[in-house]
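Enquirer: Residue numbers (our numbering), protein chains in the order written: chain A, 111 to 537; chain B, 1257 to 1636; chain C, 2 to 273.
Worth flagging that the hints you see were computed from the coordinates, not collected in a lab.
Cross-link-like lysine-lysine pairs, in silico, BS3-like; alpha carbons within 25 Å at most: (1) A/K293 to A/K278; (2) B/K1377 to A/K456; (3) B/K1276 to B/K1366; (4) A/K533 to A/K329; (5) B/K1471 to B/K1481; (6) A/K498 to A/K456; (7) C/K51 to C/K22; (8) B/K1366 to A/K498; (9) B/K1391 to A/K278; (10) A/K365 to A/K466; (11) B/K1377 to B/K1276; (12) A/K278 to B/K1377; (13) C/K263 to B/K1484; (14) B/K1386 to A/K278; (15) B/K1386 to A/K293; (16) C/K24 to C/K263; (17) A/K329 to A/K358; (18) B/K1366 to A/K456; (19) C/K226 to A/K220; (20) C/K263 to C/K22; (21) B/K1530 to B/K1472; (22) B/K1388 to A/K278; (23) B/K1388 to A/K293; (24) C/K115 to B/K1489; (25) A/K133 to A/K359; (26) A/K220 to A/K133.
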Amino acid sequence: MAAEQKRYNRVRCTDGISAMMDKFYKDILNAPSQGRKVCWCSGASPYEMLTAQNVANFQTENHSARVSSGQDHMYYIDKAEGEGWPPDTCSYTRINVGVALFIARGEMDKVHPKYRVAPPDFIFAGNTCPAMTQWGESLRRIFDVPMWELDCPFNYDDSDERYLENVKYIRSQLEDFVIFIEKNTGRSYNWDSLKDIVFRRMRQVQQLRAEIAEICKGKPAVMSQFDAMIAMGPAHMVRTDAVTEFYKKMLEEVKERVKNGVAALPGERYRLMWRGNFPWYAVGRMSRWMAANDICLATGAYGMGAGSPHANRLFPPDGFGTGDDPLTFVAWNVGTRGYTRTLEFKMREEVEEFIKGWDIDGVCLHSPRSCRLWSMQEYDMANLIETKYGIPATVIEADHTDSRYYTPSSVDLKLQALIEGIKARKE
Amino acid sequence: MDVWSELVTVTSQPYYERLKKGKEDAAKKIIGCFGLYVPEEMIHALGMLPVVLFCGPEPITLGDLHWQAYMCSPVRGITDLACKGQLDFLDGMVIHDCCHEIRGSVDVLKLSAPNLRSVIKPMWFPKILKRKQTKPRIMEELNIFRDWLQQVAGQEMTAESLQRSIQVYNENRDLLIKLYDIRRSKPGILSAKQVQHIVLAGMQMPKEEHNELLKKLLAELASTKAPKDNSVKIVLHGSLCNEVPGNILDIIEQVGGTVVDDDLYVGSRYFVTKAPLLIDPLEALADRYINMIPPCPTTQNPSNDLGQYLVNMANRSGPSGVINIITKFCEAHCHIYPWIRYALRDAGIPELLIETEHGVTSFAPVKTRIQTFVEMIRGE
Amino acid sequence: MIFAGIDVGSLTSKCVLLDHKGKVISSSLGLVGAQSRKAAERVLNEALSKAGLKLKDIRYMVSTGYGRGVVPGANAEITEITCHARGAHFLCPEVRTVIDIGGQDSKAISVSEKGRVLAFATNDKCAAGCGRFLEVIANALEVKLEDMGRLSLQSTKQLEVSSMCTVFAESEVVGLVAAEESVPDIVAAVHRSIARRVRNMAMRIALREKVMLTGGVAKNIGVVKTLEEFLGLSLVIPEEPQLVGALGAAVLALEHSLNSAKAHAANQVTER
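Could you put the whole structure together from the sequences, leaning on the hints where they help?
Expert: Spelled out as structure tokens, the structure:
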């Protein structure tokens, strides 16, 4: 039937992402042979500080998401659980620990070539999500290497004054981190490189992403949240100029689409927002199902995050901080995402902005079984969304990288009910 | 009234019912403490009663409107109590951010329990313990906390009053440490359930009164002989911010085990670290947190390893087996558990994992596991 | 002199009788239903009557299993984990690991060369990975439980049934049926799901050969073959895989009786 064959119209530039990420991870695998140090990182932490020093680094969550997107996650999950990691532990951790256990024991041949990375010389973890430093601690023990952790205060008080105090606390630690990096790389810190990354590359990418997100607010959507999520990998980790070029291409393409009237989902009827991380193993399945049901997954902080005011706070307002001090900007950035913010903040900056900006009909809140960061408060969020914005919201229980917690019939039913709720409100 | 009768008065009814009734008689303000490491001495110094919050015995119903089934029971249970108005008697509720769920509960409680909204006070302490920034940051938090407490109490906290409270608390800790020393040297002199009752009572009543009870109890125990038996010695660990279900403690003894020591929240983790004697009592409280003796997976201090800590504890009472109790869905515990397991296994100490959940009424599978564990240690 | 082992499980109760030389004289198996005590009595009487014996012939009785607390006349209650280790060792002294897939729980047991438990892991929270799971699926597919093994061997396509939960796995199966996948393929997928869960549980203890599979599910050739593939070894399957627990209990009954006789004799010597 024609409806079953309907697919999202992916932006062509995302075709290059797979190759970009393959190269990215291959560079990490080969880093030692190039005389570069390797750091495994976890948490939404400032990896740019490592990139500046030419340390090969990657976010272990991204690595796990890649494994799960490739449908290869169970092999590594089995390994970790077999060694005592409870199934309630974050599935990003379980996959990564599985990979780490093979590599640390000299069994690289048991890791699929696509997922091979060089073992770390050190670990960097930030506790915007408390589990991240706990996970980093496991990696430290598995590889028996030094670890440096960034302690990230939770911002219960949303005032600028309190935020500033927390920024100072983080910045003070980052000074120590610089010393740690110098000690573990054997050379003095490359401040020029950090400034270039923070003030030029990241700012450029941020501005491009914000511009792209703005264009994507139009109706019909010219690019979906699926494309935006896939494009996140480069945005968060790859700090090279190649990423800037990638986003320039993406911007050109979405502008072209607007000009030519090309939609992400022809015949889009329902515009949905996705809150939280995604069941990475089910991207294909869900995009096909949504397309077949005329659902455009138009936005969400996880992908289109660049379009929200808080993300535009990547760089603090003028007058804040000391001139061109990159550490202040890096420290400022740590708390701009919702991980360490109140429900009120998240509702305002990660939900409302997207509902209004994209004129959303309904919201899916992903409730990942093994991730508390993205699960907590969601029942209340769903209620608040319905009460405040008059649109239906549904909580979908699954998991980000452990497919055993994903029941297709249950997910489909929730989405179907959401659509019916939208239809009923529209009539 | 004898010691046990007094203790039973405290622990035999849900704490919130007892305290609600008690409030009608006494004007003392009550501050609920949720999450680990709340500096109770500061509450005490202002003449208020700090009470550690736990879930009640009733099934969780309203709590599940706010939390998925896979969130831990302390958070679901306390939310449940709050929704049902059972915690409305609190004059303040301090929530110390030691994990995701407790962190998230600040907003959930404000939404779900309107009567508590204005009295909730979140706190955040640094999680990385041994850094130059740690203590100044803790001091900041303690100063903010003191200001808030003073507002609630309607009076100022003096350094002297805080020093006195620290002394009272340290005395309590010393008495409990002594109790544990006696239990270790005379296994079986108290049941595991009795010990949990003793510690739990102290978490929910004025410390001075608890100290008097403990002194009487220690005097009694000094002249009591330990039962002679060949039961298997068990060390308990875990239940990091929760009680251990009484049924499980009973089962251990029913199948031939005797708990000789523990690293439980309602146990030694609560009292084994004393506050040092310093000129600045706030600094003493900061030091108490930084130098906590039982390693905690919610904090990072690579030089204090929980696995090794448990190996040492087991060896001190040895030969014994260690039963690890994880409150189901406790994320921090999940991350550290494999390392506890490796450490105990490498040290040749038998180890068993039990996960506990609120509202479980059938303990047969748990009994089988614990009984097999005891049979295994005995070489059955 | 007879030594009796009674295993009262969640679905079935079993009895094994040994003589004083440790030879199996008789055994029986029955359903438990709603009354564990009656089920234990029934299965004991059946075993006795098959051997032409009476209750008074029993010298020592060990009860095990879920309902071990309600077996009348039991001299000792020992867990099914300890009993399975002993029973497996009795049947095959080279066994060093026992995997038992019961009705509602499964276990992996590391066994010493003397048949003692060295370590164990259980899955007792959830029926996925146990016999009950297979019953539910057999029901959904309208297939006889005893045919599941044979059917799965006819599978030609690898499907996935991955849910952690029996209820959700059942809905996955319903989905596969709706997609007109073949019954053999679906059954094979279900078997893989069980084998994976069991394998993961077994990995928590140090798996050493020889490995014996016990419990009713050991009669399912499909699960056996899949588990062998996942573990990378051949499994030892006893003739009566459901009786291993009761057998172990009977062996322990004999041992306990011998030990207390020795202790009594030693006391007599000392007293003299």
